[in-house]
Amino acid sequence: MVAVLERLGHSVDFRPAQTCCGQMHYNTGYQDDARRMMLHFLQVFRDAETICVPSASCVAMMREHFPKMAAASPDASVSRDVDALLPRVYEFCELLVNKFRTVDTGATFPHTVTLHTTCHSLRGTKIGERPVQLLRAVRGLTYIELPQADQCCGFGGTFAIKNADVSAAMLSDKTRAILDTQAEVCTAVDNSCLMHIGGALSRQRAGVRCLHLAEILASTAGEPA
Amino acid sequence: MNVKVGQAAEAPSFAKASRELLGNTQLRHNVRHATDMIRARRASVVAETPDWQQLRDSARAIKDHVLRHLEAYLEQFEAACTAAGGKVHWARDADEANRTVIDIIRSHGETEVIKVKTMTSDETRLNPALEAAGITPVETDLADLIIQLGADKPSHIVVPALHRNRAEIRRLFMEKMQLQDLGERAEDLAAAARRYLRERFLRVRVGFSGANFAIAESGSLCVVESEGNGRMCVTLPKVLISLVGIEKIVPTFGDLEVFLQLLARSATGERMNPYNSIWTGVTPGDGPEEFHVVLLDNGRTSVLADAESRSTLACIRCGACLNICPVYRQTGGHAYGSVYAGPIGAILTPQLQAMRHSRSLPYASTLCGACYEVCPVKIDIPEILLHLRNKVVRSRGAPLAEWLGMKAAARAFSGGGRLETAQKLVRIAQKPFVKDGVIERLPGMLAGWTRFRDLPEVPAESFRQWWAGRQRKDTQ
Numbered sequence: 195m196v197a198v199l200e201r202l203g204h205s206v207d208f209r210p211a212q213t214c215c216g217q218m219h220y221n222t223g224y225q226d227d228a229r230r231m232m233l234h235f236l237q238v239f240r241d242a243e244t245i246c247v248p249s250a251s252c253v254a255m256m257r258e259h260f261p262k263m264a265a266a267s268p269d270a271s272v273s274r275d276v277d278a279l280l281p282r283v284y285e286f287c288e289l290l291v292n293k294f295r296t297v298d299t300g301a302t303f304p305h306t307v308t309l310h311t312t313c314h315s316l317r318g319t320k321i322g323e324r325p326v327q328l329l330r331a332v333r334g335l336t337y338i339e340l341p342q343a344d345q346c347c348g349f350g351g352t353f354a355i356k357n358a359d360v361s362a363a364m365l366s367d368k369t370r371a372i373l374d375t376q377a378e379v380c381t382a383v384d385n386s387c388l389m390h391i392g393g394a395l396s397r398q399r400a401g402v403r404c405l406h407l408a409e410i411l412a413s414t415a416g417e418p419a
Numbered sequence: 003m004n005v006k007v008g009q010a011a012e013a014p015s016f017a018k019a020s021r022e023l024l025g026n027t028q029l030r031h032n033v034r035h036a037t038d039m040i041r042a043r044r045a046s047v048v049a050e051t052p053d054w055q056q057l058r059d060s061a062r063a064i065k066d067h068v069l070r071h072l073e074a075y076l077e078q079f080e081a082a083c084t085a086a087g088g089k090v091h092w093a094r095d096a097d098e099a100n101r102t103v104i105d106i107i108r109s110h111g112e113t114e115v116i117k118v119k120t121m122t123s124d125e126t127r128l129n130p131a132l133e134a135a136g137i138t139p140v141e142t143d144l145a146d147l148i149i150q151l152g153a154d155k156p157s158h159i160v161v162p163a164l165h166r167n168r169a170e171i172r173r174l175f176m177e178k179m180q181l182q183d184l185g186e187r188a189e190d191l192a193a194a195a196r197r198y199l200r201e202r203f204l205r206v207r208v209g210f211s212g213a214n215f216a217i218a219e220s221g222s223l224c225v226v227e228s229e230g231n232g233r234m235c236v237t238l239p240k241v242l243i244s245l246v247g248i249e250k251i252v253p254t255f256g257d258l259e260v261f262l263q264l265l266a267r268s269a270t271g272e273r274m275n276p277y278n279s280i281w282t283g284v285t286p287g288d289g290p291e292e293f294h295v296v297l298l299d300n301g302r303t304s305v306l307a308d309a310e311s312r313s314t315l316a317c318i319r320c321g322a323c324l325n326i327c328p329v330y331r332q333t334g335g336h337a338y339g340s341v342y343a344g345p346i347g348a349i350l351t352p353q354l355q356a357m358r359h360s361r362s363l364p365y366a367s368t369l370c371g372a373c374y375e376v377c378p379v380k381i382d383i384p385e386i387l388l389h390l391r392n393k394v395v396r397s398r399g400a401p402l403a404e405w406l407g408m409k410a411a412a413r414a415f416s417g418g419g420r421l422e423t424a425q426k427l428v429r430i431a432q433k434p435f436v437k438d439g440v441i442e443r444l445p446g447m448l449a450g451w452t453r454f455r456d457l458p459e460v461p462a463e464s465f466r467q468w469w470a471g472r473q474r475k476d477t478q
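Residue numbers (the numbering used here), protein chains in the order written: chain A, 195 to 419; chain B, 3 to 478.
Incorrect hints may appear among the rest.
Said to hold, decoys possible - Pairs of lysine-lysine, DSS-like flavour, derived with a Cα cap of 25 Å:
#, chain 1, residue 1, chain 2, residue 2
1, B, Lys393, B, Lys409
2, B, Lys433, B, Lys409
3, B, Lys380, A, Lys320
4, A, Lys262, A, Lys320
5, B, Lys426, B, Lys437
6, A, Lys262, B, Lys393
7, B, Lys6, B, Lys393
8, B, Lys6, A, Lys262
9, B, Lys380, B, Lys393
10, B, Lys380, A, Lys262
11, B, Lys409, B, Lys380
12, B, Lys18, B, Lys6
As the list claims (entries may be wrong) - A few chain A residues that don't get close to chain B, going by computed Cβ distances all over 10 Å:
#, residue
13, His204
14, Pro261
15, Pro268
16, Val297
17, Gly348
It is worth saying that the hints were derived from the structure and are not from the lab. Please read all numbers here as calculations on a predicted model, not as lab measurements. Glycine included, each C-beta is placed from N, C-alpha and C at the ideal position.
Could you put the whole structure together from the sequences, leaning on the hints where they help?
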């Protein structure tokens with residue numbers, strides 16, 4: 195992501211104090227812990243100009259649940275901080291396509307690629323066709339649409355561990371769909387889903403790689419992904 | 003109050019129940035086949051309804067309004083129903099409802115009752131209570147008949163025998179109806195059921211139903227169905243008893259315009275249900291001579307008391323969330339251990355039981371959001387799941403290993419320095435498990451991951467370290 199943004203002429207900053215948006219805790223029922231992480235997040239990114247997030251589910255967490263947690267806080271300044279934060283938060287594809295009006299990132303990736311539409315990119319952030327627009331502009335890349343793309347892959351955060359068997363059953367439907375496309379690479383805008391899908395493809399020795407969309411967009415002839 | 007939701011209090015956890023069911027390949031095939039079919043039908047009839055989103059908004063507004071003024075509407079219903087010749091009974095819980103029904107049947111000296119499909123009577127476990135009282139219940143809905151003959155449990159709100167296929171049903175009918183021969187076509191099975199049921203429709207003098215809607219202004223009840231058996235149950239017997247959850251109220255007859263459009267399309271993918279029965283009190287010489295309505299609480303008022311999750315009571319039991327759910331698709335309904343399965347069951351059952359049981363159900367979802375998208379009354383099921391998960395954790399209902407893990411992670415995430423230290427510790431701790439850059443086996447709860455998937459090792463250099471190194475180079 196850093197490579198893509200810098201190639202497009204933007205200066206990137208990383209704040210070592212940053213940690214986590216709190217999604218895992220919030221979604222598992224540990225809202226008090228999530229609230230503390232949100233406060234830390236607000237502190238760290240208080241004066242950042244634009245916040246680029248390489249995960250649609252983290253963005254959905256901020257947009258859907260930060261305001262709710264802030265509203266429940268007795269301190270009114272938390273809501274003001276959240277209101278000031280959210281317009282500056284962009285999912286990676288949103289930043290490129292909407293704010294920068296760029297679909298061609300100058301990438302080269304001579305492989306067949308299919309896209310897993312993550313639930314939070316589909317229903318949470320509704321980033322829609324943007325990842326496909328970005329992929330289609332990559333030199334050498336052949337894009338293959340994934341059938342039943344609106345089906346959840348079965349990750350679901352701690353669901354993957356708490357209900358491991360059902361998660362695996364859902365995952366087998368997803369890997370079957372991916373293998374049916376004959377793509378070499380499966381990409382997505384959420385690393386968590388990719389770790390789950392990639393973990394199964396690796397276990398199956400399926401010969402399909404999982405790469406985050408940013409890794410493909412960073413790829414060049416000189417420095418291939 | 004003794005709230006009962008079927009046998010949910012004794013059911014195993016969702017993870018345990020689903021693990022067993024996933025091994026049943028026939029069941030999984032049946033569930034996939036049936037849900038795929040209903041989903042496709044629903045999608046096509048929703049697509050042709052241009053004001054679908056407005057209908058959803060209207061339905062939700064009506065339901066919210068009713069829930070805010072429930073007491074007044076229930077009293078209005080009681081007054082109107084009584085004025086029309088009906089008798090209204092109030093039941094605090096399942097036992098009270100069942101006792102009321104049994105007393106009415108006994109007062110007529112009857113020992114049989116014909117039933118329309120009703121989930122609410124499965125919730126109160128009416129059939130076992132009737133049998134214990136020497137009364138034989140006869141399920142007349144084809145799917146419920148299949149469940150009853152097979153001593154099975156419903157697995158879907160709308161299509162209770164969805165987990166059974168035609169061949170299984172044919173074998174069951176031949177055995178239980180003692181048939182020497184039976185064809186294999188759906189028509190043959192329907193004809194066998196018709197012969198079996200028709201004799202009972204004409205003989206039995208007490209009918210029993212639930213209700214999809216109870217109309218406050220007129221005291222009327224409405225039942226929608228596909229087979230016509232319901233129409234017979236509510237018109238042929240001398241005595242009719244209806245068990246109705248208190249959340250089924252709509253203010254006026256006109257409100258049905260919204261709900262009947264939404265319900266049929268969402269539930270079965272039809273533009274209209276084949277049979278829409280609406281009746282008001284009793285009419286001399288026409289239909290039942292005696293009509294009783296039992297209004298059931300059984301935990302509903304405690305759901306109503308929680309502002310964050312009370313919209314659960316807006317549910318019209320269409321089953322669209324079950325059909326779209328990628329979790330339900332794998333497990334079918336029995337994994338939920340309740341008469342209410344799927345996403346709506348995962349939020350309704352634990353709430354009716356005041357979170358005393360079924361604590362695994364709020365976790366039986368990936369939060370993918372598909373259920374919210376299809377819900378005709380816009381219940382934000384994922385949000386309510388999160389609310390209930392928080393309740394589980396706050397009441398110390400989470401497994402200890404999970405709690406410790408989450409607390410450790412929260413500490414690591416409390417600052418950048420702490421996170422870096424944690425990453426270093428994980429890098430050391432993972433060493434015995436890493437082989438060729440991959441972890442194939444982990445102990446304890448984490449084995450849930452590695453039983454089915456590899457895990458990449460934590461890399462030697464984190465992004466944080468790479469970034470720091472780059473900054474140093476830049477400043478040199």
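Against the structure, the hints come out as follows:
no.: 1; hint: B:Lys393 to B:Lys409; verdict: 17 Å, holds
no.: 2; hint: B:Lys433 to B:Lys409; verdict: 23 Å, holds
no.: 3; hint: B:Lys380 to A:Lys320; verdict: 18 Å, holds
no.: 4; hint: A:Lys262 to A:Lys320; verdict: 20 Å, holds
no.: 5; hint: B:Lys426 to B:Lys437; verdict: 18 Å, holds
no.: 6; hint: A:Lys262 to B:Lys393; verdict: 16 Å, holds
no.: 7; hint: B:Lys6 to B:Lys393; verdict: 20 Å, holds
no.: 8; hint: B:Lys6 to A:Lys262; verdict: 33 Å, violated
no.: 9; hint: B:Lys380 to B:Lys393; verdict: 22 Å, holds
no.: 10; hint: B:Lys380 to A:Lys262; verdict: 19 Å, holds
no.: 11; hint: B:Lys409 to B:Lys380; verdict: 34 Å, violated
no.: 12; hint: B:Lys18 to B:Lys6; verdict: 22 Å, holds
no.: 13; hint: His204; verdict: 16 Å, holds
no.: 14; hint: Pro261; verdict: 13 Å, holds
no.: 15; hint: Pro268; verdict: 18 Å, holds
no.: 16; hint: Val297; verdict: 26 Å, holds
no.: 17; hint: Gly348; verdict: 6 Å, violated
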